[in-house]
Structures are given as C-alpha cells and as structure tokens.
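Enquirer: Protein chains in written order, with my numbering: chain A, 7 to 118; chain B, 7 to 118; chain C, 7 to 118; chain D, 9 to 423; chain E, 9 to 423; chain F, 9 to 423.
It should be emphasised that the hints constitute simulated quantities derived from the structure, not laboratory data. Everything hinted at is true.
Quick list of in silico lysine-lysine cross-link-like pairs, DSSO-like style, CA-CA up to 27 Å:
{"no.": "1", "chain 1": "E", "residue 1": "Lys391", "chain 2": "E", "residue 2": "Lys205"}
{"no.": "2", "chain 1": "B", "residue 1": "Lys46", "chain 2": "D", "residue 2": "Lys422"}
{"no.": "3", "chain 1": "F", "residue 1": "Lys422", "chain 2": "A", "residue 2": "Lys46"}
{"no.": "4", "chain 1": "C", "residue 1": "Lys91", "chain 2": "F", "residue 2": "Lys203"}
{"no.": "5", "chain 1": "E", "residue 1": "Lys422", "chain 2": "B", "residue 2": "Lys46"}
{"no.": "6", "chain 1": "D", "residue 1": "Lys422", "chain 2": "B", "residue 2": "Lys91"}
{"no.": "7", "chain 1": "D", "residue 1": "Lys332", "chain 2": "D", "residue 2": "Lys203"}
{"no.": "8", "chain 1": "D", "residue 1": "Lys203", "chain 2": "B", "residue 2": "Lys91"}
{"no.": "9", "chain 1": "F", "residue 1": "Lys331", "chain 2": "F", "residue 2": "Lys205"}
{"no.": "10", "chain 1": "A", "residue 1": "Lys91", "chain 2": "E", "residue 2": "Lys422"}
{"no.": "11", "chain 1": "D", "residue 1": "Lys205", "chain 2": "B", "residue 2": "Lys91"}
{"no.": "12", "chain 1": "E", "residue 1": "Lys391", "chain 2": "E", "residue 2": "Lys332"}
{"no.": "13", "chain 1": "D", "residue 1": "Lys422", "chain 2": "E", "residue 2": "Lys422"}
{"no.": "14", "chain 1": "E", "residue 1": "Lys422", "chain 2": "E", "residue 2": "Lys203"}
{"no.": "15", "chain 1": "C", "residue 1": "Lys46", "chain 2": "F", "residue 2": "Lys422"}
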Amino acid sequence: MKLIVAIIKPFKLDDVREALHDIDVHGMTVTEAKGFGRQKGHTEIYRGAEYAIEFLPKVRLEIGVADDKVEQAIEAIGNAARTGKIGDGKIFVMPIEQAVRIRTEETGDIAL
Amino acid sequence: MKLIVAIIKPFKLDDVREALHDIDVHGMTVTEAKGFGRQKGHTEIYRGAEYAIEFLPKVRLEIGVADDKVEQAIEAIGNAARTGKIGDGKIFVMPIEQAVRIRTEETGDIAL
Amino acid sequence: MKLIVAIIKPFKLDDVREALHDIDVHGMTVTEAKGFGRQKGHTEIYRGAEYAIEFLPKVRLEIGVADDKVEQAIEAIGNAARTGKIGDGKIFVMPIEQAVRIRTEETGDIAL
Amino acid sequence: MEQVMELSYALDTFYFLISGALVMWMAAGFAMLEAGLVRSKNTTEILAKNIGLFSIASLMYMLVGYNIMYGDGINSLIPGLSFFLGADNATADVIAGGDDAPYYSNLADFFFQVVFVATAMSIVSGAVAERMKLMSFFAFAVVMTAVIYPVQGYWTWGGGFLSEIGFSDFAGSGIVHMAGAAAALAAVLILGARKGKYGPNGEVRAIPGANMPMAALGTFILWLGWFGFNGGSQLQVSTVENANAVAMVFVNTNLAAAAGVIGALIASRIMFGKVDLTMILNGALAGLVSITADPLSPTPLSAAAIGLVGGLLVVFVIIMMDKKFKIDDPVGAISVHGVVGIWGLLAVVFNNSEATLVAQLIGIAAIFGWVFVSSLIVWSIIKAVIGVRVTEEQEYQGLDQSECGMEAYPEFGKK
Amino acid sequence: MEQVMELSYALDTFYFLISGALVMWMAAGFAMLEAGLVRSKNTTEILAKNIGLFSIASLMYMLVGYNIMYGDGINSLIPGLSFFLGADNATADVIAGGDDAPYYSNLADFFFQVVFVATAMSIVSGAVAERMKLMSFFAFAVVMTAVIYPVQGYWTWGGGFLSEIGFSDFAGSGIVHMAGAAAALAAVLILGARKGKYGPNGEVRAIPGANMPMAALGTFILWLGWFGFNGGSQLQVSTVENANAVAMVFVNTNLAAAAGVIGALIASRIMFGKVDLTMILNGALAGLVSITADPLSPTPLSAAAIGLVGGLLVVFVIIMMDKKFKIDDPVGAISVHGVVGIWGLLAVVFNNSEATLVAQLIGIAAIFGWVFVSSLIVWSIIKAVIGVRVTEEQEYQGLDQSECGMEAYPEFGKK
Amino acid sequence: MEQVMELSYALDTFYFLISGALVMWMAAGFAMLEAGLVRSKNTTEILAKNIGLFSIASLMYMLVGYNIMYGDGINSLIPGLSFFLGADNATADVIAGGDDAPYYSNLADFFFQVVFVATAMSIVSGAVAERMKLMSFFAFAVVMTAVIYPVQGYWTWGGGFLSEIGFSDFAGSGIVHMAGAAAALAAVLILGARKGKYGPNGEVRAIPGANMPMAALGTFILWLGWFGFNGGSQLQVSTVENANAVAMVFVNTNLAAAAGVIGALIASRIMFGKVDLTMILNGALAGLVSITADPLSPTPLSAAAIGLVGGLLVVFVIIMMDKKFKIDDPVGAISVHGVVGIWGLLAVVFNNSEATLVAQLIGIAAIFGWVFVSSLIVWSIIKAVIGVRVTEEQEYQGLDQSECGMEAYPEFGKK
Ligand SMILES: Nc1ncnc2c1ncn2[C@@H]1O[C@H](COP(=O)(O)OP(=O)(O)O)[C@@H](O)[C@H]1O
Ligand SMILES: Nc1ncnc2c1ncn2[C@@H]1O[C@H](COP(=O)(O)OP(=O)(O)O)[C@@H](O)[C@H]1O
Ligand SMILES: Nc1ncnc2c1ncn2[C@@H]1O[C@H](COP(=O)(O)OP(=O)(O)O)[C@@H](O)[C@H]1O
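With the rest of the complex left out, here is chain A (with noise of 0.2 Å):
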C-alpha cells in the first residue's frame, strides 16, 4: 500500500476526485495548505504599506491506495490537476506499511 500526497491548487479539487473516482478511488482525506515554491505570490497593501503575499492557497490530498493502483492514480491525479501554468503542485508517493480501517478492524488494502 502507499500514501500518495498531492499538493494541487484549490479550483481543481472536484476534477481531481472525479478522475481518481474513474479509477475507483473513493477514499481521500483533503487538509488546507499554503504552498510556497517558483510561483509567485502577490502585493496586498494596508494603510499605505504595501505587503506581500508570499504564499498560495492549495489544497493537500492524502490518499492510501493499494500498490497495484498507484500508477492508475499518479496519472489521474496528474491529469485532472494539470492546467500546464506554474504552480501546478506535486505527487509524492509514500509506503505504507499497515493500515487499519478503525469502524471494522479490517486492515491491508481492504481498509482502504
């Protein structure tokens, strides 16, 4: 199993879920994020100070799938995601070594 983590921006969230369920992933658990990276943030001002904005909202996807979906869903992530302009985000795949689903007990790919 592996814990993929996508760093993606915030608009494109309901194409991501949509495309991973294609490939039947349903499960996900999604968390705020600032991202910081080569895209630039912007210059608010404030009573005459001007201040820059450094980071950018994204939107962080954590998503246990089994080994054999991994490469399914990189690119269904990386599709769906993709608008081709800086800031894009990232994929980062982790290993899992044990997950449990807490209502049943059941653990392995099964509790995803």
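Given chain A, work out where chains B, C, D, E and F with the ligands should sit, using these hints.
Expert: Structure of chains B, C, D, E and F with the ligands alone, referenced to chain A:
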C-alpha cells in the same frame, strides 16, 4: 520509529488523546481535514438552490511512536475512535527514518 | 528523496523559510496544526467557567528534498526554529518513493 | 390655541414613534447578542429565530394581544378582547381639550406597545438557544405574544388589579423583562441543558460563543434602544415637567447601564482575575434592566447605585444558575432579565415614595406565577405534540443544518 | 401665534431631519446585507462600493440631481436645471402664513431627498456584486444619481407628467426601488452571471454568502431605516391629521415587513422543508417594498396582507430569476425591489380610491422604461470605454485583491 | 402662550436627547471600527475597552467632569467645581420668558455633554490598541474624563478664556477630537509601537485588521451619530432660524463626509493604484472631523470642499505618521482626529467672518498643549506605578488572552 496517521471523527479527538495518554503516548500533532469516502455528506440549500456538502469534517492525527509502541497505539486509537458507524476513519502506519527534537537536537526514539 | 515533516512554532515560519532558502530549498507546503506534547496550554474563562486550551498552535511543514540535501535541511530547520524553550517541535524524515511535478510530469529529484 | 394643541399632539406622537423605532431596534440588538454568544453552527438558526419572533409578535399582538391588553377588561384580573385598532383620534376631540382629550395618536401607542412584546419574546430566544426546534419556538411565540404577555400586561398597564394595588413598574422590569425570563425559565426546565454543557460529574463546561464583536454590537444596540424603551414610557414629552422627566430618564438609564458595566467589571476582575467581556456585556444589560422599573424617581447618583448593584448581582447569579441550579442559559437571559428584573422592581421602593414593598412583591409573584405556569403548560403541550428538542445528532451537527439547511459562516474553517 | 408657526416649522424640520438620518442609515443596511451575501473574497470591495456610492450620490445630487428633480421643468417630461441649494426660508415668510408659506426648511428637504437617491443606487450595487469593476460602477453611479434618477423623480415628485395623470407612489416603491432595480437589471444583462453560477447544462449552483449575521444585521438596519423612508414621506407631522398619518405609516410599515417575513418563511418551509434565512431576510425587505407605494391608506390588516403577498412572491420570483431567466443577482435585488416594487404599485389601487390602475401601469412603464433604457445605454458606453467586468482570473481571486488590494478577513482560514 | 413656551422647551429638550442618543451610538461606532482594524487576537480586549471607557466617562463626568466644565470658574483659566446635577428647571421659570429663561432641560444638556467626553476618550482607545494594559487604560480614562477634558472644555464652552478671545469651535473639532488625539499622541509616545510594526531597518510592516465589515459598520455608525454630534451642537431647534441652522448642519455634515470619502478614494487610487478601504473609511471620518469646527457657516459646496481636503489630507498624514514619525497608530486616530481636527479649526476662518486666525491658533495651542502635557504626566505616573504595556509574550499571544482570558472568534481557524 513509525508515524501513525489517523483520520478520525472530530468529536472523538479527546477520547483518542486520553487513550493514548493511558499508554504513555503524549505527543501528537493534529490538523483539521475534510474526508471523502463511503460516508455520505448532506444537502444544504441557499436561496432555493440545493447543493451537496460532500466532504465531512475529520481530524487528522500524526503521532511519531517508537516501533514497540505501534501495535498498542493502533489498538488504543481504534478503540477510542470507533463508533461502529460508517465514517469512523483510517489508521495508516508509515516508516520514519529519522526524528529530531528541535529544542535539544536529540534524535531517535528519545526525540518523540 | 525524503519527505521532511517539521512541526514548528508559528512565528518561526519566516525564519525557517529563509534558512531553507539559503541552502537552496525553495519549495514547501505548510499547514496549520495544533500540537500536544510537553508544552502546556493556557486557561481561558467564559462566563465564569474556566477551561483549558490544551492544544497549542503549530505549523506543519512538508518539504520534499533530494537525499543529499536531507542533513543540511534538518540542520537549517532546527537552527532556525530553535528557541530553546519547550514546545519547539519535531522533525521527522520519511522516505519518498516517487515524486512528480504535476505541471511538467517530471519525476524524481528534478520534480522537487 | 387650537394649533398649539395640534402641535402638542404632533410632538407627543412623534416622540412616541421615535421611541418605538428605538425599541424596534432592540430586536436587532437581541439578534446580534445571541448570534455572538452561540456557536457558529447555531448562528443562522438564531438569526432566523429572532427575525421570525419579531414578526410573529408584531402580527399576533395586532390581531389579538393589544386588544386583550388594552381592551375593556371583564374584571381587574380577566381582560376582555376588543378590536379597536384602526380609527385614530379626530382633530376635533384633540382641540376640544380637557382632561380626557387624547394627546397623541392611538396608532403611535400601538406601535410603541408592539415592540415591547417583541422584547419580552426575544428574551426567551436566547435562553433556549442551540437545542430547540425552530418551529416549536415559533409556536410558543404565537401564544406568548397573543395571550400570555398581554394578560399580565393588562393587570398593570391596562388598568387591572396590579395597577389598583399600586404595583409600580415604569417601563417594564417586571412586565417585560421578568415576564420574558419567566417564560424562558419554563422553557429551559422543559428543554434541559445543551449536550456537553455539564460533565459526567456535573462539572460546568464552557461553551464559548463564536463572535464577540457581534455580542458587543448587540449590547450597544440594546443600550441605544433602551432610551426609547424607558424614555418613551414617560408617555408624554410636551410640557416642561414631562420634558424634564424624559431627560431624567435618559440620564438615569445611561448611568445605570454604565454602572452595571463597572459592577460586572469589578466582580469579574476580582473573581476571575480577568475582564470577562461577556460578563460586562451582561452587566450593561443588568444595569438597564435594574433601572427600568423606575428610571425617573432616583437621582442620577442613586440610578448609578442601582445599576451598579445590578451589574455586581448578575455575575453572581449567572454563575449560580450555571453551577448550582444547572440551568443552562447560553446568553444569561434568565439572570439578566429575571433576577435582576426583580432587583429593579424591589429597588423602586427606595426612591419612589408611592411604591410599597408589598405591592411590588405581589406584582412580582403575580406576573412571575402567571407567566411561568402558563408557559410551562404551553411548552408541555408543544412538547407532547411536536416536540421541543432537536435530536442529539442534529444538536451535534448544529441547528443551522437541521433547521435552516444553511451555514452562517460557510467559508471559515474551524480551529 | 408667530411663535406657534415657528415651532411648527421647527417640528416639521426636525421630523424631516430625523427621517433623513434614518434613511441615511439604510446605506449601512445595504452595505451589511451585501457584505454578508457575497463570498469573503469580494467583501472589502463591496464595502468600498457601498460607502463610495453613497458619497457619490450625495455630491452628485447636490451638484446636479436635486436641481433637475425639483427645478423649474421645461415641460412635464423634460426637467430643467436650477441651482437653488443654499438660501433657506426667511422667518418672515414662515410666519406670514397662508397656503404658500413654507412649513419646513428647504435644506431639510434636500437632506431627505439626497438619501433617497443613494438608496436607489445601493440597489444596483448588490445585483452586480462579485464581478464588476469598481471604477465602472462608480462611473455609472455618477450618471445615475446626477441624471437618470432625478429625471424620473421629476415626473412624479417634481410635478411632472406622472403626477399630472395621478400616478401614486407615496414613498417610492417605483421611483426609488423599481428604478434602482431597472438599472440593476440593465447592468446584469450587460455584465452576465458570475463565473461558476451556472453549470455546463445550465443548472444553478449555489454560491453561499460568507457571513449571515452581517446579512441579518443589514436587514434589521433597513427595517429601522424604513420608518424614516416611509414615515418621512408624509412630509409633515405638525397637525393631528398628519401626526395620525405618520403613526399609521409606522404601524403599516412594520406590519408589512413582519408579514413579509412570515410569507417568505412559509414559502421557504413548504418549498425547501427548511427555513432559508436569506429568503426570510428578503421577505422582510419585500414586505417593506410592497407597502412603500402606499403605507397610509391600508388598514393595518390590509398592510399585513400586502406585505404577506410580497414575502410569498419574492421567494418564487428569486427562484424564477435564477433558474428560468438565468439572471444572476447575488442578493436578489431585482426581485425584491423590482418585481415586488411593481406589486406594491399595483396594490395601491386596492386601498387608495384616488389611484387608478391605468395611471399605475403608465407610471410603471414610464419609470421602468426610462431607467432601463438609459441605464442600458450608459452601461454600454462604460463597457466600450473602460470595460465593466474584471478578468476571469481576477474574479477567481476575488475583487478584494484586484480592486482594493486588501482582504476582508485576512486571518480567517478557509474551510 | 405659556403652553407654547412649554412646547418649545419640550421640543428643544427632545431634540437634545435624540441628538445625545445619536452621539451615544458613536461609542458603538468606535468599538466596531477598532474591533475591525485590530488583529483577531486583540479584539475581545478592545471591545471590553470601549464599553468600559464609555461607562467610566459617563460616571466620572457626572461625578466630577461636568461640574468642572460648567461650574462657576475661579477665573477664566481655572475652572471651579460645583455640584448641580439633579434639580431641573421649574415650569414657572420657563414660562416667565425673557432672555435668561431656560429653554431646555438641564439634564438633557448633561446627557448631550456626557457622550461628548466619551467620544474624546474613544479616540485614545484606538491609537493604543494591541499593546496597552487594559487597567492602565481605564486608570487614564478616569483622569481624562474627570479632569483633563473638562478643564479645556471649560475654556471654550464653559465660558473660559478661549471663548473670551473668540476661539470658534462649533461642535468640537478641537475640544473633542483634537483633544482626544493629543491624549492619544502622548500615550503612543510613552507606549511605543507594536512589536513587529517596524522592521530592523525601520521599514513599515503592514498589520492588517481582522474584520473589514466591522470597520465599515463602525464608520457608518459614526457617520450617523455625527448628525447628533454636529446637529445637536446648534443647541436649539425651536425657531425658524435655528431649524434652518440645524438643517444646514445636517446637510453640510453629510456632504463633508461624502467628500472626505471621495478625497481619500482619489488619493489612495492615485498613490496605491487600489481603493484602500481603510483609507476611505478614514476619509469619511476626516471629512466629518473637518466640518465639525463649523458645519453652519459654509455653503454646502464649501462644506464639501472642506471635507474633500480633509479626506485627501488624511491619507498623506497617516502615511507620514507611519513612515516618517514612526508613530504606530493602528486605526489612524491621531491623524484623523488630531491633524484633520486642526485643519477643521483653521478652515473656520474661510467661512465664518467672526473667527480670526489668531484666536484659532491660540485655541489649538492651548488645547493641544494642555491635553498633551497633562496626559504625558498622567501616563508617566501610570507607567511608573502599574506599567502601561503588556509583556512581549502577552503581546504576541494577544491581549484577549492576557487581559480578558477570552477569544473573540474562538472557532475560526487561522489562515
Ligand atoms: N519541495 C517541495 N516539498 C513540498 N511541497 C512542495 C515542494 N515544492 C513545491 N511544493 C508545493 O507545490 C506547489 C507548487 O510548486 P511550484 O514550485 O510553485 O510550481 P510547480 O510545481 O508548477 O513548479 C507549491 O506551492 C508547494 O505547495
Ligand atoms: N483511501 C483513503 N485514503 C485516505 N483517507 C481515506 C481513504 N478512505 C477513507 N479515508 C478517510 O477516512 C474517512 C472515513 O472513510 P469512510 O469510507 O467514509 O468510512 P469507513 O472508514 O468507516 O469505511 C474519510 O472521510 C476519509 O477522511
Ligand atoms: N510524538 C509526536 N508525534 C507527532 N508530533 C509530536 C510528537 N510529540 C510532539 N509533537 C509535536 O511537537 C510539538 C512540541 O512538542 P513538545 O513535547 O511540546 O515540546 P518539545 O518538542 O520541545 O519537547 C507538539 O506540540 C506537537 O505538535
């Protein structure tokens, strides 16, 4: 060392913290999250237009534990977070290669 | 590639970002978090009833780095985030098996 | 001369209407205060509740309540029901002069009265927050504003038996505020505490309100509106004596509120070591409720003293209600309007030589008894027929979802 | 006797000024209502827009508008332009008495009028929220308040042809509210819907407002301000008859608003199974708009009925506008002020025997036609010259960033 | 005839009371403005501060201040102290007529005055936000409202030496606004800037306020309240001349505020390329402060010009204070009320032929000198005895925690 990531229902947070406390796990980091999965959301209405709130509020726990505590911790979290109703959440266990306590520069199990 | 997860005090974020910048690590993803650990919270009062705010506001950094940058990055984060007072936080290092830059489909170190 | 009488009539009518508009504004004050003191998940509902109750009160009081309260009573206890809203005074009657000549518009009087009943009803709203079914609340509002409030209003202001025995309640510490609190108390007893308010061993758990600026704004609005509430209750401004009286009422109302703030500030600072904002907001209201029973007779200094006691008192009473009696009242309405209302009614005897302790006690007992018992019955009926409380799950999700299907702050994340 | 006339003049002037201050307060009401019903990323901008439009209206109406509306008209259709602001009535003229003697200050009249034009302009603001360039809006505001509004105002209140044919619009259901809505409709047609409001198959997507307490506060403010809007439109309070009339207006205004709430509450409860707060807020406003065309003739019961219909109507119209006509109006301004305004104008004939259906229909057609067409032209010119809509990216980021460079709630995280 | 004099007395008293109620409402305006412009972690505290200071001002001014300001002065510089609050005018004295006959209630006068001192104190509150100990602020409020403000108030309004030399300040651009700003300046000098406001090289860092709708609401409230502030300062409405004057004051006050908005809008648009909402809110207040020294003599057009200059000026002054003088004033109170207050006082000479530049300059120097120096001394004493500033850690955590133990928005997460 392992990183246990647990996605649970928000109102179970205190119970889980106490359960972990009982087995001498005191440190953890918590983030607000939204969950998608089998559990369904609800419908809201705004000026006559219905819309689905599909995500569900969840809480994401991140707990670094020594290897020999992992099973106990999974057990404790699972028992405390279980309601038996759909949406109780997941536990993922991942490997930590290095851990540092910033304050003291201690590393390894002692840093947790 | 490794994923460095650092939990730090919120007001240290800018210092840490600069420190990472200095060693040529520019990308990172940040989320708000609440921390539990040795550091104690404070008490608030509401209409005569005291209650403990046990969690403490923390910031969680997630930084994908190439293997050869890991030690340097840990060092930089630790030094910048350290106040010496309890609650400074933790650094965890975890393996990344795959990394993708969504925009370009680049993978590996170059994707970071 | 005739023009003078017309002018006098016009001034008093205008004074009534402006006072009434200020009291109407108190509805916004209650709405904001309550919206600030509940959790965000119950905010849309409490706003809907407040705007709904004001509307119900306006309509029911026109249709039924006003006619009960100021109709031809059957006797001094049982009011009658006469429909007289509509025709206003003829110019000829006004300029005829004499003691019985009308000196202001009947409709202005109605307007001033209608906003009072809404005030009483608003008090109930806060106490039952975060757990009551919206429709059940509205059902009660219909009965309260059509019958329960007007009946006891008739006893004093409509010329019933309390006015005969000399019960003295200038602007309604008892008739409006304590009456509202009595209905609220009945509601809370039927309804029970919010889930999670008391721990397994009965320990009190704080449930912080979501938006302090809203709560503070609500208090400022109420403070402003109260100048209409008390100031208008002099019922006439057009002579030197009356104008002086209205001015005195304004001054005393303001000072009692100010002293209430200071009282609560001192109490909260001593007891908690901090300045508890919600307590000093309640202190302001306590000062206002205290002086409402008689804002005219006390000197400004006495008015401040009465308000100060109100402000001190309210802090202790709120804590006692919460800890000792386990009466869960999210905004402190029962303490502020009920207990402090009683204090205000009793304090009348210090400054107003015409008031007697006996009459005040009878008045308190009669009003409280009637409103509390009749409310208890009505709430019980509502409970039996449609229920009063949302399900545990709905309460957990918040009433905004179950009652309104709409969030108050849909974009703001949780801590 | 002279002193009596002076006093009468003073009372009427004071009544005007207080009424005007209440109407000025409505500007805050619109600002809060709109700030509550847009998304947080467009909140700073809509606040700037509201405070800016009020200022523009005040200045332009002084410089140009008032002089058009109440100047010496060229004929009953085309107004003139006379500069008369400044000199006020001489005491001698007042005490001279007679039918032509001034009975209140000209400047008070100006003050009362200037806040009306701001109200009309505020209506436009909400409808174009979340996508229009701020400077383009201000450009329109200049023309609307200097020319478009005053021209049609002249037709009725300035003594033009609509007043001659007996068109009856007491406080401006048509002249202020429907006029504002007509300009808003023109704007929305030029501007188009917010991005994301309609799905690929034309399905309506909800775009929830960010702050319900603000929206509710705005509604309460408008409700209060409306007592000045309608109450002041009697134009005199200093006799028994006038005082009674003003009192009637207050009572009816309040009851119509209350009934509007109940109407919308019933409709929303039946249609959605929930109490949609934004709909009942619109219901209150619909009740108020309905009664504005004639708050004096109806009995209180009829006033409630008119408001009730307004409140029911508005729910259906808002949904129809949204679903059927795909007119994206974030706050429902076109429905509340336009469609319900027409209802109010038509309802006049039920209670006011002097009003005729024909005159009302001509008035509606003339005002709507003029304001809609002239607005369409002005909007088109603005669109051609500086554009009316922000870029897609700016709209996505929010107007707070592109227009004001400042966030409304910089600290609060997103859900 | 007697009835006419009574009626006249009643009307003037009522006018005073309503004006005073509007000024009281300004306390809510300051509270909301400041609550919007500070960070969320200091919001509960600033609300407590505002409601507390209004209460302290009300009580101290009754107990001491009013008696100093309007007592029998020892000489034209040193006021006396006479306790006269309580007895009001007898009907007989009123109807006796003559030049000395009282024409409105003393208590109404007191009410109108008491809310002015609270306004002056509110100005200080904003400037010291986010870093001062709450109890130290309250200690200063006691002295300011009991002594510092009343002494200089006596010089002009109480008949002291500034009135003798012809210093002209209609409603208090200097006596209220600049006086408040002088005390605020002294406070900020003693207190220092907020931590993090200036970078290591002295660069200015923006510290955005948490809630723009609150700030905008506060400004609208102040705008409304100012009609009472300036309108009531005519002190009489009951004759044609006075009624006209009050109407002129309303019109000019509104236009100056509107022009202030436009001035700040233009300045901010040119300088920053954006419409800075907080600047246009300050522009509105600057327009109001500018015209307060004389809202009666200018024509409406001149009033707009005076306000426009105020609105332009305030943008530059705020930036200069911030960047050049490193005076950290989170809400811009010193610029808005102080510098623009001086502009207002000087502008009097353009329109009021009785005012002289010399007298205006002496007045400015005397008031500023007295308030600034005496405040500096009082702040120094407070600093020595209990300290004025919270610890660095408390400042970082926010004053809500250290001073009130309560969060303003406990549920809303941080970005
Ligand atoms: N090394 C990294 N570790 C973790 N997150 C990163 C890293 N680099 C970038 N990110 C995340 O990805 C987002 C997009 O990265 P950016 O460099 O702006 O654009 P792009 O990926 O298109 O080159 C960032 O805002 C940040 O959230
Ligand atoms: N594959 C997954 N990866 C990450 N998080 C998941 C995954 N599946 C579910 N979750 C998280 O667990 C929560 C509960 O899952 P759900 O399927 O609704 O119920 P249950 O776990 O009881 O079957 C979800 O809301 C989501 O936050
Ligand atoms: N075992 C753990 N797993 C995950 N996060 C932890 C763990 N222990 C501590 N933390 C995080 O680190 C923060 C600081 O830890 P704490 O024990 O308070 O101080 P210190 O690290 O200085 O000893 C906590 O608030 C929490 O966010």
